[in-house]
Structures are given as C-alpha cells and as structure tokens.
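Given these sequences and hints, build the entire structure.
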Amino acid sequence: MNRYPLWKYFLIIASLLIAMVYTIPNFFGESPALQISSGRATVKVLPDMVDRADTIAKAAGLTPVDSFFENGSVKVRFKDTDSQLKAKDAIQAALGDDYIVALNLISDTPVWLTRLHAKPMVLGLDLRGGVHFLFEVDMKAAVDKALEKTAGDIRRELKDKKIRYGKVSRERDRVEVQLRDAETLAAANKAISKILVNLKVQTVAENGNYKLVVTYPDAAILQLKNDAVTQNITTLHNRINELGVSEPVIQQQGEGRIVVQLPGVQDTAKAKDILGRTATLEVRMVEDDQAKLTEAINGNVPVGYELMSERRSDGRNTPILLRKEVELTGENINDATAGFDDKNEPAVHLGLDSTGAAIFKTLTRDNVGKRVAMILVEKGKGEVVTAPVVRGEIGGGRVQISGSMGVAEANDTALLLRAGSLAAPMNIIEERTIGPSLGKENISKGFNSTLYGFLAVALFMMIYYRVFGVVSAVALAANLVFLIALLSLLGVTLTLPGIAAIALTLGMAIDSNVLINERVREEIREGASPQMAIKNGYDHAFATILDSNITTLIAGLALLIFGSGAVRGFAWVHCLGILTSMYSAVFVSRAMINLIYGNRRVNTLSV
Amino acid sequence: MEFFHVKRDIPFMSYGKLTTAISLITFVLAVFFLVAKGLNFGIEFTGGTVMELRYQKAADLSQIRTRIDGLKLGETQVQSMGTTVDVMLRLPNIKDKNSAQLSNIVLEALKIDRSDVELRKVEFIGPSVGDELFTHGLTALALVCLGIIAYLAMRFEWRFAVSAVIANMHDVVIILGCFAMFQWEFNLTVLAGILAVLGYSVNESVVVFDRIRENFRKPNLRGKTVPEVIDNAITATLSRTMITHGSTELMVLSMLLFGGAALHGFAMALTIGIVFGIYSSVLVASPLLLMFGVTRDNMVKPVKIKEEAVV
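Listed in order, the protein sequences are those of chains G and W.
So the first sequence is numbered by full-length UniProt numbering: it starts at 1 and just counts up by one.
So the second sequence is numbered by full-length UniProt numbering: it starts at 1 and just counts up by one.
Please keep in mind that the hints were generated in silico from the structure rather than gathered at the bench.
A couple of the hints might just be wrong.
[What the hints assert, rightly or not] Which stretches of chain W does chain G cover? Using the computed rule of at least three CB atoms under 8 Å from a CB of chain G, they are:
| id | region |
| --- | --- |
| 1 | 107 to 120 |
| 2 | 247 to 254 |
[Unchecked claim] Below are the BS3-like pairs computed for lysine-lysine, each with C-alpha atoms no more than 25 Å apart in a straight line:
| id | chain 1 | residue 1 | chain 2 | residue 2 |
| --- | --- | --- | --- | --- |
| 3 | W | 111 | G | 270 |
| 4 | G | 149 | G | 159 |
| 5 | W | 57 | G | 445 |
| 6 | W | 57 | G | 440 |
| 7 | G | 159 | G | 200 |
| 8 | G | 86 | G | 361 |
| 9 | G | 381 | W | 97 |
| 10 | W | 97 | G | 140 |
| 11 | G | 270 | W | 97 |
Treat the numbers as computed from the prediction; the structure is a model and nothing was measured.
We put the CB at the ideal spot given by N, CA and C, even for glycine.
Below, the structure is given as structure tokens:
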C-alpha cells in the first residue's frame with residue numbers, strides 16, 4: 001500500500017532535477033562587462049567585433065575574461081570594475097562614435113547552462129538601481145497635428161491641380177475647405193478623395209455655400225494614436241541609444257503610455273535631460289508683412305498666424321510672425337548631422353525622405369524670395385532656430401539649417417533630430433530613481449527575510465511533526481526551487497514585491513502540508529492503521545487544498561489583471577507560487593512519504 | 001508534539017453574541033478612524049515627489065526642515081525613516097519644475113549644510129496617475145469578491161460564499177482602520193498586501209467550511225444540531241488553523257523585522273491581516289453561516305461527490 005508506480009517517482013525526480021538546473025544560474029552572481037552595440041542604423045555590429053574588442057583591450061594592457069556575440073551586440077566580461085572602466089575608455093576611443101560602449105553586468109553562469117537557456121532572473125530597477133520613467137503621450141496634440149498636416153496637404157493638392165479654393169480651416173475635429181461653386185466642389189472632391197484615402201471626405205452644398213468637409217473616421221483616429229505611440233517609442237529608443245545604456249526597457253503601457261527603464265544609470269540628470277526633451281522640428285512659412293507683424297506684437301495676432309521669437313546671433317530674441325500651417329515635420333527627416341555652412345558657421349545638415357523632399361521642393365519653388373522658418377518645438381513651446389530667405393528651388397532633399405548657434409548647440413540639435421522627432425509631445429507622469437546602493441540593500445534584505453522566515457518555518461515543522469515535518473520542509477524547499485526555476489525560465493523580472501510574494505507564498509504553501517499532517521494525525525487518533533492513515537490523510541486533505549488554493553488563485557489573478565507596477569510583480573510570483581506549492585505539497589511530499597513508509601509493515605508513524 | 005489537541009468540542013457558536021459584538025465594535029472603530037482621520041495616502045495616490053536621503057552620520061531633521069522651508073516649495077514633509085541616518089522628504093507637485101530639477105535644487109540646498117548626504121531614491125508621480133490606481137484597486141477588490149463568491153457558491157452554497165466574503169471584507173476594513181488610526185503610509189505595496197490578505201483569509205474560511213460540509217455528511221454526527229456540527233468542525237481544524245497561521249505569521253514577521261523600509265507597509269498589512277484572518281474565519285464567517293440559516297439539507301445532496309483520490 002501507498003506505493004507510487006516507478007514512472008511517477010522518475011517524473012518527480014526529473015521535474016526536481018530540471019528545476020534545479022534552471023535555479024542554479026541565480027547563484028552565480030555577476031561580473032562587470034562592456035556591451036558594444038551599434039550607434040547608427042547603418043552600422044551593424046558583427047561577430048568579428050569580438051576579436052577587435054579583445055585586441056583593443058589587450059593593447060591597453062587589460063585581459064577580458066570572456067567575450068561573445070549575442071543579439072546584435074558584443075559583450076566583454078572583465079574581472080573587476082577598474083579594468084572595465086579603463087577598457088571602456090580604450091574601446092570607445094578606438095571604435096569612435098559609430099558604436100556605443102555601455103557598462104553592463106553579465107551573469108557568471110557557465111556556458112553549458114546558458115546553452116540550455118538557463119538564465120538568472122532579471123532584476124527589476126528597485127533591486128539593481130536605475131531610472132524609471134512613465135511617459136504619457138498627448139493624444140490631443142497628435143490629432144491636432146495630424147489635422148494641421150491634412151490641411152496643408154489639401155492646400156498643396158488643390159494648388160497643384162489648379163483648383164481655386166477659398167479658406168482652408170481646421171475646426172475642432174475636421175478640416176473645411178470653402179469652394180466657389182458646384183463645379184470646383186466636385187473637382188476638389190475628386191482630387192482630395194484620391195490623396196486622402198483613409199479619411200472621410202464629404203461635400204456640403206446649401207444656400208450657395210459650397211464646402212468640402214474632411215473628417216477622421218474612428219479607425220483612422222485609432223491608427224493615428226497607435227502610430228503616435230509607436231513612433232515615440234522608436235524615438236525614445238534612438239535617444240536612449242545615444243545615452244549608451246545597456247538593456248533598457250521601453251514598452252507601451254495601456255493606450256497612450258510608455259514606460260522607460262534605464263538600469264544602472266548613474267548620471268540621471270543627463271538621462272532626464274535627453275529623454276525629457278520633447279523636441280520636434282517644424283517647417284513653416286514666415287509672414288513678412290510689417291503691418292501684420294506690428295499688429296501681432298501689439299497683442300492682436302491675425303487668425304491663422306502665430307507669433308514666436310527668433311534667436312539671433314547676438315543672443316537676443318526678436319519676434320517673428322509665422323503661418324500656422326505646418327509644411328513639413330521632423331517625421332520626414334532621415335538624418336541630421338552637425339557641420340559648418342559655406343560661411344564656416346556651425347550648421348545642421350538634414351536629409352529628407354522622398355515625401356519630405358517632394359514637399360520641400362514644391363515649397364521652395366513656390367516661395368522664392370520669401371522666408372521659411374525652421375522651428376524646434378520643445379515641450380509645446382516653439383523657437384525659431386533659423387528663418388532663411390528662399391533663393392531658389394531646393395531639390396534632392398538636402399537641407400541645411402544654419403543660424404545663430406554654437407558648435408555644441410549644432411551638435412545637440414543634430415542629435416535630437418537624428419534621434420527622430422516625437423509624433424506627439426509627451427509628459428513625464430511618473431519618475432523613479434533608485435540608487436545602486438539602495439538596490440543592493442533591497443536584495444539582501446529581501447533575501448535575508450525570506451531565508452530567516454523559511455528556516456524558522458522549516459525548523460518548527462521538523463520539531464512539531466518529526467518525520468512528516470522533515471518531509472514537509474523538504475517539500476517546501478522543493479517548492480522554492482520550482483518557483484525560482486519557473487520565474488527564471490519565464491524571464492519574469494524580479495522586483496522587491498516579487499521577493500515579498502516569494503516569502504508570503506512559502507508561508508502559505510506550508511498550509512497544504514499542515515493540512516495533510518493534521519489529517520494524518522486525526523486518522524491515527526480515530527484508530528486507522530498507519531498505511532490507511534497516510535492514504536486517507538492525503539486523500540481528504542486534497543479536496544481542501546484544491547478549494548483553498550483555487551480561491552487564493554482567484555484573488556491572485558484579479559491582482560494580475562488589474563494591478564500595475566508593483567502589484568503586478570507581486571501577483572505574478574504569487575500565482576505561480578500557488579501552482580508550484582500545490583504540486584510540491586501533494587505529489588513531492590507524497591512520493592517521499594511513500595518511499596519512507598509505503599509498501600511495508602509499519603506499526604507507528606512519526607507525526 | 002501537539003499544542004492544540006482538544007478532546008471535547010469548544011462551543012464556539014454559543015459565544016456567537018460575544019464575538020459578533022467584538023467584530024461589530026472593531027469594525028465600527030475601523031470605519032470611524034477611516035472617516036475621521038482618513039488614510040495617509042502614499043505618493044502613488046497623491047502625486048508629488050518623494051526623496052530618500054542617507055547621511056553618513058546622524059541627520060539633523062530640524063536643520064533640514066529650515067533649509068527646505070527656505071526654498072519655498074509649498075507644503076513639504078521631512079521625516080526620518082526608522083534610522084537616524086535615513087531621511088524622507090515629501091514635496092508637492094510644482095508647476096513648471098520637473099522632479100529632476102526639483103531634486104537637484106533640494107539636494108544642492110542640503111549640501112550647503114552637510115556634504116555627507118547621499119540621494120538614495122527619488123520618486124515623482126504626476127497627479128493623474130493616482131485616481132487611476134484607485135479605480136483599478138477598487139475594481140480588483142470587486143473582482144476578487146465576485147470571483148470568490150462565484151467559486152464558493154458553485155463548490156458549496158450561496159450562504160457559504162456570502163459569509164466568507166463578509167468575513168473577508170471585515171478583515172480588510174480593519175486593516176484599513178489600523179492604517180488610518182496610526183496614519184501609516186498607504187501605498188501600492190500595502191494595497192498589494194491587503195489584496196493578498198483577501199486571498200489568504202478566504203483560504204482560511206474555506207478550510208473550515210470544507211470541514212463543516214464534511215461533518216454534515218458524517219453518519220456519526222447525524223444527531224447533532226447545526227451549531228454543534230460547526231463547533232466540531234472548528235475544533236477539529238483548530239490545530240491546523242493555528243499552525244498554518246503561525247508559520248505564515250513567522251514568514252511575515254521575518255519580512256517585517258528584516259525586510260527594511262521598502263517591505264514594511266506590505267508586511268504590516270499582512271501581519272494585521274493574518275491575526276484577524278484567524279479570528280474572522282473562525283468567529284465571523286461561521287456565526288454568519290448560522291445566521292443565514294444553514295442546515296444539513298443545504299449540504300447533503302443525493303448525489304455523492306466523487307472523491308479525488310491520489311493513487
């Protein structure tokens with residue numbers, strides 16, 4: 001009696017062994033390393049970079065412990081932080097700006113384990129230090145901007161097709177075009193419907209008033225919002241690349257939010273500065289009519305215009321009147337480099353994509369003699385960087401911004417533009433900075449509290465239930481191994497609430513064992529034979545274990561679905577822990593009891 | 001070794017009036033403190049900036065206060081974080097200054113007095129996030145209750161489901177009451193702790209309910225009245241209840257003592273939750289069950305439930 005078939009023992013032993021293999025990497029610790037990745041879209045890091053990095057490090061008198069190629073970047077391990085820092089300077093200097101050399105920590109897990117995809121758990125920011133940002137994308141601004149752009153597109157198209165039109169105005173959620181008669185209305189409708197396929201184009205003709213109304217259908221608005229978030233994420237990626245952070249996290253959260261986590265970042269001020277700059281470039285026409293400008297300065301800005309300030313070389317700002325329509329935005333910029341113009345003044349050279357090049361060509365052709373303004377918009381406030389006079393048609397998509405800027409400023413502007421502009425402005429709505437020493441402390445405190453708790457519970461169980469208690473303690477340890485293995489395997493990021501959940505789950509997991517042990521005692525008290533007591537004890541306890549764990553699981557799942565951040569991290573571990581505890585309490589402990597007592601004559605049970 | 005080997009059933013149900021009275025009083029007290037004092041919401045809910053600083057030698061709080069007040073940042077709080085060297089600052093949200101600028105300003109001001117200050121953590125939460133967390137938290141709470149009611153109603157009967165949930169909410173309200181009374185900070189991890197207590201405490205009720213159901217089916221308890229059956233169930237599971245709670249409490253206390261400031265609120269919520277969890281699962285849920293008029297006929301159905309056997 002109380003015998004498992006052989007295959008069941010093997011299955012349990014196999015599951016334990018597999019769990020051990022995936023748990024081990026967490027105990028190897030980390031060593032300082034460098035991560036070399038590409039700093040430009042056109043530059044690829046190839047596996048031959050491994051040798052190159054090794055050679056450079058050796059030339060500087062430093063010996064890498066290990067170096068390898070992984071996921072498009074090269075990682076080089078060093079024995080201490082001192083040689084890591086020296087090697088960083090040496091390698092960065094030798095490779096130049098095309099590559100990013102970032103400080104990193106790499107697990108010391110042996111290669112054979114890594115081959116089995118056995119990796120340590122990823123530590124959250126609260127355990128390793130770093131910066132966390134939560135950005136909110138300003139969706140209203142994204143929609144407004146798209147409407148402005150549509151209005152510009154309509155004007156350009158009507159001009160191209162030589163259709164005479166009246167006012168093109170952007171209302172709250174639509175663009176309206178006034179037309180002279182039914183004939184032009186039909187022509188305009190045909191032309192506009194052709195270029196704005198995703199939008200709804202309606203004609204209105206009543207009381208001799210002819211107009212075209214362009215609206216965004218819900219699907220188009222949704223698409224617009226999604227695109228705004230996606231582009232902002234790409235832009236943040238580029239900007240973070242410039243910072244040289246290893247393993248950043250950039251994820252969408254909810255409808256219009258973006259989480260950015262930069263582990264191990266020490267220079268938080270710089271990170272905030274570069275990420276926080278919500279710069280976009282806009283190209284707009286300048287109104288040089290002196291009368292209108294004077295009127296605007298006096299506080300009476302004409303409809304369709306905006307008053308801004310232009311930066312002059314002497315550092316003063318002068319007012320400048322601009323048309324509201326945006327002709328071109330940073331989205332159409334392919335690359336931006338800092339350099340010098342023909343007068344040897346600092347300048348930014350821009351390369352436009354084909355759409356941008358076409359728009360810019362038309363713009364410059366139609367506006368010879370007029371001024372066009374390059375505006376850098378940061379945090380909703382625009383500043384005219386330069387407003388040169390158009391001397392002739394500029395084709396080919398090469399544009400140069402020069403104006404009153406220093407070399408450093410030109411570099412900064414180029415960096416911002418190269419990194420891409422944001423589709424919509426973003427606000428930081430949450431920000432956390434965790435110092436590295438606090439992270440280390442959090443780990444050790446979390447780990448120690450779990451350890452002490454575990455030891456106390458295990459000790460108590462062994463004293464109170466003797467042999468059955470030892471089995472319970474082993475089952476509890478097995479539960480811990482299963483849980484850590486599962487977390488490592490699933491690549492769950494371990495945070496402080498996660499550690500708390502591990503501790504709580506262990507505390508609760510012992511419940512199943514206590515239920516079983518108490519049941520066995522009860523059976524004996526009621527006069528059952530030892531073998532019967534074991535069988536009935538486990539069988540009766542199982543229904544209760546199932547019920548109580550499922551209700552706990554329901555609570556855990558609700559946390560997982562509705563929680564965010566800390567709560568979610570907690571819930572993940574909690575839910576997984578409930579599952580592993582059921583397995584270890586019911587099967588692992590039963591297997592051990594069967595091995596100890598099963599299939600032989602026993603007079604008393606040690607419980 | 002056995003601590004809780006009780007030979008005769010303890011007449012828990014005859015204490016019904018007393019325990020209900022105790023529950024009601026603690027519950028009313030908790031609600032009173034919640035209304036009168038309110039919860040001391042953490043930064044996740046209120047928005048603002050929190051800075052954690054560490055000095056190498058004991059910090060001088062009044063000196064820090066004077067320095068911060070000189071910055072005219074609005075209503076700020078300076079308090080120590082359990083030790084003499086750790087200091088926490090809370091600053092309100094300020095227009096046109098982000099937390100990066102704010103924390104730099106504050107740190108520079110503090111460095112005038114003492115250069116041994118180290119910035120350990122800065123947290124900034126915008127005002128819009130809090131409301132959302134609140135609604136999400138309440139939704140999670142509601143969902144947990146509904147889920148538990150549905151599951152228990154299916155596995156047991158509606159009376160059990162409703163009793164368990166009421167007993168649970170009783171625990172939750174009392175924990176909240178404690179946080180209000182002592183004005184401990186109520187933050188996201190505390191919320192996680194409270195939701196965990198919900199799961200934990202229902203676990204307790206389920207174990208007792210399970211035994212009640214089993215007792216109703218036992219032939220040798222057929223002659224007993226319903227309160228006697230319940231008493232027997234509670235007495236029989238008492239040992240297990242105490243030991244399970246004891247070991248979970250051991251774990252949680254270890255977290256409270258060794259886990260540091262970051263885990264403090266979480267561990268505190270659980271510590272209180274577990275103590276009341278024992279009480280409510282035994283002395284709140286079961287009397288409620290009686291009050292709702294549970295009878296043997298509710299549980300003993302003609303169909304015999306299949307036993308889940310482990311071979």
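Does the region 107 to 120 of chain W contain three or more residues whose Cβ lies closer than 8 Å to a Cβ of chain G? That given contact holds, which follows from 3 residues of the region 107 to 120 of chain W lying within Cβ reach (below 8 Å) of chain G.
Sort out whether residue 159 of chain G lies within 25 Å of residue 149 of chain G, counting only the CA atoms. holds, 15 Å
25 Å limit on alpha-carbon distance, applied to hinted pair residue 57 of chain W and residue 440 of chain G: holds, 20 Å
Given the proposed pairing of residue 57 of chain W with residue 445 of chain G, does the C-alpha separation stay at or below 25 Å? holds, 21 Å
Hinted pair, alpha-carbon criterion (25 Å max): residue 86 of chain G, residue 361 of chain G. Please report holds or violated. With Cα atoms ~49 Å apart, residue 86 of chain G and residue 361 of chain G exceed 25 Å; violated.
Are the Cα atoms of residue 111 of chain W and residue 270 of chain G separated by 25 Å or less? Since the Cα atoms of residue 111 of chain W and residue 270 of chain G sit roughly 20 Å apart, the hinted pair holds (cutoff 25 Å).
Hey, residue 381 of chain G versus residue 97 of chain W, does the alpha-carbon distance stay inside 25 Å? Cα-Cα ~15 Å, so holds.
Count residues of the region 247 to 254 of chain W with a Cβ under 8 Å from any Cβ of chain G, then say if the count reaches three. holds (count 8)
Satisfaction of hint between residue 140 of chain G and residue 97 of chain W, Cα-Cα up to 25 Å: holds, 23 Å
Would the hint linking residue 159 of chain G and residue 200 of chain G be met if the CA-CA limit is 25 Å? holds, 21 Å
CA of residue 270 of chain G to CA of residue 97 of chain W, is that 25 Å or under? Given that 25 Å is the threshold and the Cα spacing comes to 16 Å, the pair holds.
Going down the numbered hints, you'll see the structure goes against just number 8.
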